[in-house]
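Student: The residues making up each chain are set out below.
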Amino acid sequence: MIHPATIFFSPAHPLFSIIHFEFIETKPEYLAVQFIAGKEFVHQGEAGALHSGFNTLILDSVMGGSVMGSLEKMQPIATVNLRTQHSHRATINEIIVCAAKVESIEDQIAVVSGQIKSVENNQILASAIGSFMIGTRATPLADRAVEVQ
Amino acid sequence: MNKPLFDQLITNSAMQDWLAFFAGDEKGKYILQFKDHHIGNPMIRSIHGGVTASLIEMCAEHMILAELGNHTSVQLVSSSLDYLRVSKDTDIHARANIVRIGKRLAFVDVWCWQDDENTPIARGTCTLRLDS
Numbered sequence: 001m002i003h004p005a006t007i008f009f010s011p012a013h014p015l016f017s018i019i020h021f022e023f024i025e026t027k028p029e030y031l032a033v034q035f036i037a038g039k040e041f042v043h044q045g046e047a048g049a050l051h052s053g054f055n056t057l058i059l060d061s062v063m064g065g066s067v068m069g070s071l072e073k074m075q076p077i078a079t080v081n082l083r084t085q086h087s088h089r090a091t092i093n094e095i096i097v098c099a100a101k102v103e104s105i106e107d108q109i110a111v112v113s114g115q116i117k118s119v120e121n122n123q124i125l126a127s128a129i130g131s132f133m134i135g136t137r138a139t140p141l142a143d144r145a146v147e148v149q
Numbered sequence: 001m002n003k004p005l006f007d008q009l010i011t012n013s014a015m016q017d018w019l020a021f022f023a024g025d026e027k028g029k030y031i032l033q034f035k036d037h038h039i040g041n042p043m044i045r046s047i048h049g050g051v052t053a054s055l056i057e058m059c060a061e062h063m064i065l066a067e068l069g070n071h072t073s074v075q076l077v078s079s080s081l082d083y084l085r086v087s088k089d090t091d092i093h094a095r096a097n098i099v100r101i102g103k104r105l106a107f108v109d110v111w112c113w114q115d116d117e118n119t120p121i122a123r124g125t126c127t128l129r130l131d132s
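One line per chain: the protein sequences are A and B, in this order.
Residues in the first sequence are numbered from 1 upward in steps of one, following the working numbering.
Residues in the second sequence are numbered from 1 upward in steps of one, following the working numbering.
Here chain A stands alone, though its shape is the one from the complex (with noise of 0.2 Å):
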């Protein structure tokens, strides 16, 4: 079975177009990706460290990308909070590896927790733990005309 992250993080998204990632796991409830640090989140250009900001959007990517494989249908989700402890920053061209697991699911709202690791050292980057809404009901753009009037 295609797991549903394989779709939502496709080539076509204009996140992920930037972005060069590769799936390791998928499983219902696990979720592991690589990814190559790219230039574009730079932060520290002598270093070639780039921006904290740059684990946080990995993060929350794969985090929810966990969730939607735990869904028997698709639904919408939507992050409602992560919590982020940055240990190191990724260098430029770095390959790391993000996984995520839905640790439970009570009433629509799941819980996870996700990891980012070097895949040279092993050494931890970030670590995160985050609450997604399942089944949001954010009003979708074609109706948001109607909406206005």
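Source of the hints: derived by calculation from the structure; they are not laboratory data.
Cβ atoms here follow ideal geometry from the backbone N, Cα and C, with glycine treated the same way.
Among the hints, a few may not be true.
Residues on chain A that point at chain B, a partial pick, calculated with CB under 10 Å [unchecked claim]:
#1 A32
#2 H51
#3 S52
#4 I58
#5 G64
#6 G69
#7 S70
#8 L71
#9 P76
#10 R83
#11 T91
#12 N93
#13 N121
#14 Q123
Rough simulated footprint, nothing fancy, chain A against chain B, three-plus residues with beta-carbon under 8 Å [to be verified]:
#15 29-40
#16 101-107
Fit chain B to the supplied structure of chain A, relying on the hints for placement.
Tutor: Same frame as chain A, but now just chain B:
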């Protein structure tokens, strides 16, 4: 600190360019100028939560640098973010407030909104390590 000096602390980096991050019209205010690559959910054209998170983290870092000067190095230790409303495909405004600056750590709160400051889309608390 006067406004021009506050602006000067926005140094160029690829990440700031990618975020389209700018200082606002007063100290502590910032703007993320919306770009298509900020989209997280193409179906409703909402901004990716990680983009909002990056904005909050960058505001917190900049706010501490603006307060202490560029000779200080700041590194984010942790961030705690709450997403209060669905965002849309327009600019995000942010206001950062320093909670405390200690000898080794600093704490900054950031609130983000789009249409109206009274209807925020996200808030965050960042802890930063200070290295002179």
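Student: Can the hint on A32(A) be confirmed by a CB-to-CB distance to chain B that is less than 10 Å?
Tutor: 18 Å, violated
Student: At a threshold of 10 Å, is the proposed contact between G64(A) and chain B supported by beta-carbon distances?
Tutor: 8 Å, holds
Student: Tell me if S52(A) is really an interface residue toward chain B, meaning its C-beta lies closer than 10 Å to one of theirs.
Tutor: Hint holds; S52(A) Cβ to chain B Cβ min 4 Å, cut 10 Å.
Student: Do at least three Cβ atoms from the region 29-40 of chain B come closer than 8 Å to Cβ atoms of chain A?
Tutor: holds (count 5)
Student: When the nearest CB of chain B is found for Q123(A), is that gap smaller than 10 Å?
Tutor: 15 Å, violated
Student: Using the nearest Cβ pair, does P76(A) come within less than 10 Å of chain B?
Tutor: 7 Å, holds
Student: Closer than 10 Å between Cβ atoms is the bar; does T91(A) clear it against chain B? Give me holds or violated.
Tutor: Nearest chain B Cβ about 13 Å off; hint violated.
Student: When the nearest CB of chain B is found for R83(A), is that gap smaller than 10 Å?
Tutor: 5 Å, holds
Student: Hint check: is the beta carbon of N121(A) less than 10 Å from a beta carbon of chain B?
Tutor: 19 Å, violated
Student: Check, residue by residue, whether the region 101-107 of chain B contains three or more positions whose beta-carbon lies closer than 8 Å to a beta-carbon of chain A, and give the verdict.
Tutor: Violated, because only 0 residues of the region 101-107 of chain B bring their Cβ atoms closer than 8 Å to Cβ atoms of chain A.
Student: Report holds or violated for the interface hint on H51(A), using the least CB-CB distance to chain B and a cut-off of 10 Å.
Tutor: Holds, about 4 Å.
Student: For the hint on N93(A), does the least C-beta distance to chain B fall short of 10 Å?
Tutor: 13 Å, violated
Violated hints, listed in ascending order, are 1, 6, 7, 8, 11, 12, 13, 14, 16; each of the other numbered hints is respected by the structure.
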